[in-house]
Amino acid sequence: MNGWPLLSLVTFLPLVGAAFILTIRGEQAVVARNARYVALWTSLITFLLSLFVWFGFERGTSEFQFVEEVTWIPAFGITYRMGVDGISMMFVLLATILTPICILASWESVKHRVKEYMVAFLALETLMVGMFCALDFVPFYMFFEGVLIPMFLIIGIWGGDRRVYSAFKFFLYTLAGSVLMLLAILAIYFQTGTTNIVVLLEGAGIPPSMQIWLWLAFFASFAVKVPMWPVHTWLPDAHVEAPTAGSVILAGVLLKMGGYGFLRFSLPMLPDATAFFAPLVFALSVVAVIYTSLVALAQVDMKKLIAYSSVAHMGFVTAGIFTLTQQGLEGAIFQMLSHGVVAAALFLVVGVLYDRVHSRLIEKYGGLVHRMPVYALVFMIFMLASVGLPGTSGFVGEFLVIVGVFQVNTWVALLMATGMVLGAAYMLYLYRRVIFGKLTKQHLMTIKDLNWREKAIFAPLIVLVLWMGVYPVSFIDVMSASVENLIGNYEQAIAQSQAQSLAALWPGR
Amino acid sequence: MTQDLATIAPELFLAVSAMALLMLGVFRGRESTGLVLMLSVVVVVITFALVWLAPSTRVVVFEGLFIRDGFGAFMKGLILIGTGVSLVMSWRYIERENMAQFEFPILILFATLGMLMMVSANDLMSLYIGLELQSLSLYVIAAFRRDTLRSTESGLKYFVLGALASGMLLYGASLIYGFTGTTNFDDLAAAFAETRAAGEMPSLGIIVGLVFMAAGLSFKVSAVPFHMWTPDVYEGAPTAVTAFFASAPKIAAMALFGRVMMGPFGDLVAQWQQIIIAISILSMLLGAFAAINQTSIKRLMAYSSIGHVGYALIGLAAGTEAGIQGLIIYMTIYLVMNLGTFAVILCMRQKGRMVEGIDDLRGLSRTHPMMAAAMAIFMFSMAGIPPLAGFFGKLYVFLAAIEAELYVLAVIGVLTSVVGAFYYLRIIKLMYFDEPVEAFDRPFGREMNLVMGVAGALILLFFVFPSPILEGAEIAAAALLAG
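If you read the sequences in order, they're chains A and B.
Residue 151 is where the first sequence starts when you use my numbering, and the numbers rise one by one after that.
Residue 268 is where the second sequence starts when you use my numbering, and the numbers rise one by one after that.
Read the hints as simulated data drawn from the structure, not as lab findings.
Using N, Cα and C, we set each Cβ at its ideal position, and we do this for glycine too.
Among the hints, erroneous ones may be present.
If you want the footprint, here are the derived chain B segments under chain A, 3+ residues with CB under 8 Å [unchecked claim]:
(1) 656 to 669
(2) 678 to 688
(3) 723 to 734
(4) 739 to 747
Straight-line alpha carbon distances no greater than 20 Å define the calculated EDC-like cross-link-like pairs of lysine to aspartate or glutamate that follow [as the list claims (entries may be wrong)]:
(5) K618(B) with E705(B)
(6) K696(B) with E623(B)
(7) K605(A) with E258(A)
(8) K696(B) with E177(A)
(9) K261(A) with D701(B)
(10) K696(B) with D626(B)
(11) K605(A) with D505(A)
(12) K618(B) with D708(B)
(13) K618(B) with E420(B)
(14) K261(A) with E298(B)
(15) K319(A) with D701(B)
(16) K588(A) with D599(A)
Chain B with its partners taken away, still in its complex shape:
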């Protein structure tokens, strides 16, 4: 029992502190928002330290419900970085936009708790619990500006479609349970390994269940054809919330996707590989072509995120250790680029109002040269141009695809990246080639400059010393497949 509790120390700490902060907020009232937000950041930092300091050996606790391993630790670290930075970036935003309620940071903490659970799930039950804790919190945050139509609409849309996806996932899980008699990942893996060793096809029910689960998970990572909610939710939700949506939950859902597919269903690669290939190709195509005509930067980022999910899924489609390594590297770099980009977007204010048009970036290199330089770095990186970090993400997923001999997937991937480069270049064109219209309001805030600067430096100089991330991802990938 003590070992059980010691193993879940980060989650436990996060849950208890979130509840304590909730009580603090309730007792102190609305003026406590700043304090709660600050303490939330502290909590996230401590949780990160706990994850960091925990031994990375593989431990399964709570009767096989919960797993702690190197893969989980790496992904949790990313999630907590995403959450922490999003919280810091939202500080000024919620004050200015009349969203300063203490529930905001608390909901984000609960969502993060759900994500940590998802990443560590070792059973279909705990998977579902983590997923729902995360999703329910996210639905509420999406609709957090309940007095505006767009925010509520996006929250409702997210909720309805998200509930549908959860239903599909649950239905798939029930089929899996019905046909195998277990919900535990290790038992499932053993059962499927047996089928494979015997040279038999898994029964049709299991395949149907697998398809349903893949569909539900694709919804959570917003892969085509389950992406419809993404542009609307990204656009409708308050920008600080969008920044959060685009970072931590994406990592968590992708980690879960990887764990489920490579863990319990690892021996059914032949069955699910074609599904992943298909959604990967579709996501890349849609992400590249649909983004071209967007006028809102938030919608553009939504389509861009769909495209990036497609690239990350190439790694999963490979179904190998190199593939998972590629996925982890891709998501790591994506997280940094995304946080940096949203820091820029959060600074887009004219005359005290947020602006979201891509055209508002016109001439940014004249009015705010440093910000434009940072944004240009992120855009070139997202387009995958070396020597920026985004190139390494693409390099590693394509490496995995070529190794797994998925040549068609790789060729489609690189060609869509050329199409995708077009709209990233368009932003650079607006910032550098066009005449300025109107400067953004100053000051941006020290924390915004810090996020932009650090993210920009990390992306620009990643190539100098890439080994820590690459090796960390390698160890994490090995840990996932060791199970």
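One chain only, chain A, in its complex shape:
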């Protein structure tokens, strides 16, 4: 595949599929069926193509691979530049594997405006993949913010009762954060004269006083996306109202954009500010882990519960990132991937029930194990992965993060571990109420177990969860060189600026 613009193919193939779907005309039922199949095949082919990235990726180097460059706006030196390294490569795969699953998951639950729905999902895939591959600030920003358009439509058109409120909240919250990032990007451009991310990663040389402001502008954007406490309030609303597949993508990929942003921009380009603000991030992360876990404990709506658990799990991610240790960073990335699979799967699990009963309230269920044994097993696997049971993907990420945090601050590590206990509490409590107990409710008497389509959706996710839990090396191998390089650059930059500030203190020497 050498010489092929592989990343561009993966990025833009879904758009081709979307354009194809747009041309479908005819009777409504036929259009809907064709749109489903075209979308499914497009996303499957995209996934297969992205496997070439996985297999062709050379491990053990921190260089960017599969790099493509095309001059785009020469006057400003803005280039369409794509490439992946150990940090971004697996997110690309996460996006390409979740999209066909989402399309399968909405096979029957989305009944009206199927054509538009599939177009929106394929466009979303293009934007997500593009965002993780972009190596120039301007294309990156375009992908990053362009995501809002299809997601806004997905929540607003196919969402629940309060969909309008949630769609607006999602859009405006995220937009408010990211416009500030745009200004920061422009400021970096004037400071360094380039928007080339590859160059900027090696050390941007921005004065520390300016870094503080730029860091805050980036933080406004990424913290909303992650989301961190206290700007997380859009997430439960968006999750609850979005259709199942929308929640899956939201939890699976869109939240990772925030963490990815911290890794890609805040840490390497603004090292002094990162060191300065790390305690703040720790504090917010601890609050997120403990507070949102307690909130999750009190939820009566299953989707809302999982949404709050997402905030808690992403708290681990932010804490891990700002430890700036090898374990902490690897743990954070691993936790993002794991959460991408597990949270996505949990939303699908809830979606299965919602498709049958049309309610997300926990009190409507109980004793499902008697009618749905396979479902109970699937739910249990993902529930335990979310709790962080050893042998599942959730354990590896959270364990590495706590190891990383422990080296930096034992108190934070202690509080984080408490959060893990709380996580076990709310998940097990949820599971007990929904699955166990007596099957007394009338509307559950005839409920059916998973069908083939649903089993096909969950099978790859179960494989992934166990693979990541039992043999995490195949994923950690991919990222370790890039993480090492990132930490090396960071420490060098910190040492340099400390030497400078010391030199400023004693000008005579």
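With chain A fixed as given, assemble chain B onto it according to the hints.
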């Protein structure tokens, strides 16, 4: 003399043809409207070609009254596109709304002539003449449906307030003349450059004159606090006229603003920058917040235009070449979005009557999916969401603001754009999330579909190949500052 005439060939052609068409209309009577309108479009196209084909070197003719340069050529091109498309879009409208009089296209042609003069003015006198020719024609067109109360009211309001603004502009010009002894832009620029080089403050009279001129020009671009006329005139004027008002005259006034501030007063940046910053911030704030509660789509577009003027003025406030480039790009993209949006608004008819409520767009994605898609593209673009063209407009003005270290202005700008996104999203919500009420009358007309389709495609696909516009704007901006 021949060079003088050759230089003004586009304007000359437009003036002569407009008069010829007027005679045609007078002799042939009312039934000639269709013919006059069609010929007017042809005239606009030919004028565009003349502007396009003329060399872009900087030439000053008529004893320094008139200038032809790259900046003027670019802006004239935009103005003529705005005029041409507005004329095409008004064709069915004036027939249906009993406005089919041949004076309508002719007045638009004269207004366009005034705009071309404004853009090419190199002297306070020619500036004023161009401005007044444009304004007087616009007053009449605003009141063109003289049998309806709202149209006449809007025309009168526009006239009274516009005359006040012209008075202020003229008063400012007279002060400038009184304190410098010249009305020529080049001489003024030289005089101010001298003051600046000597490290002196310009005299108070000049500053007062400058403030008055800025006030008058702000009125013409409808920047806060001189915006009061805009919502009423937009709402009251016939929709085809509103579409015209929102496109060509905005470009012309903005070009004039840029030329006056960067040309003769270029060395007084320190004096006028704070004025522009203030009106830019106020316009963005008002445009964002006042539009939220509107129920009429035309009023909404009026407030939206005030907001957009605020963003474009960020470019001017920067006072640099990058800033002017940002302004030009912003206005170019704004023109396309605006024409597309008004094409949609002009198609909003139910049972043979025009409707103007935002709520009438409810469920448009079901009844007219293509139209809804086009409108959604324009709305997302106006909100500045990438990858649509509107994002690039905002990108370039903010780029200029950051370069000029106007951080507060830039931060306020991006935050108001979030507020502004709310009401653009509201339109999308109505079109896509709500159930349809009643479909609009079909057919829209081939020309309407064409305008919507082309504008939508341009906005959607701008990012694929942005360089021609961006580079064209760069050359135009360089031409303005070369003088």
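Against the structure, the hints come out as follows:
1. 656 to 669: holds (count 5)
2. 678 to 688: As far as the region 678 to 688 of chain B goes, the hint holds, because 6 residues have Cβ atoms under 8 Å from chain A.
3. 723 to 734: Per the Cβ count (3), the hint holds.
4. 739 to 747: violated (count 1)
5. K618(B) with E705(B): Given that 20 Å is the threshold and the Cα spacing comes to 10 Å, the pair holds.
6. K696(B) with E623(B): 17 Å, holds
7. K605(A) with E258(A): Holds, at about 14 Å.
8. K696(B) with E177(A): 26 Å, violated
9. K261(A) with D701(B): 17 Å, holds
10. K696(B) with D626(B): 10 Å, holds
11. K605(A) with D505(A): 15 Å, holds
12. K618(B) with D708(B): Since the Cα atoms of K618(B) and D708(B) sit roughly 6 Å apart, the hinted pair holds (cutoff 20 Å).
13. K618(B) with E420(B): 26 Å, violated
14. K261(A) with E298(B): Between K261(A) and E298(B) the Cα gap is close to 53 Å, so the pair fails against 20 Å, i.e. violated.
15. K319(A) with D701(B): 17 Å, holds
16. K588(A) with D599(A): 17 Å, holds
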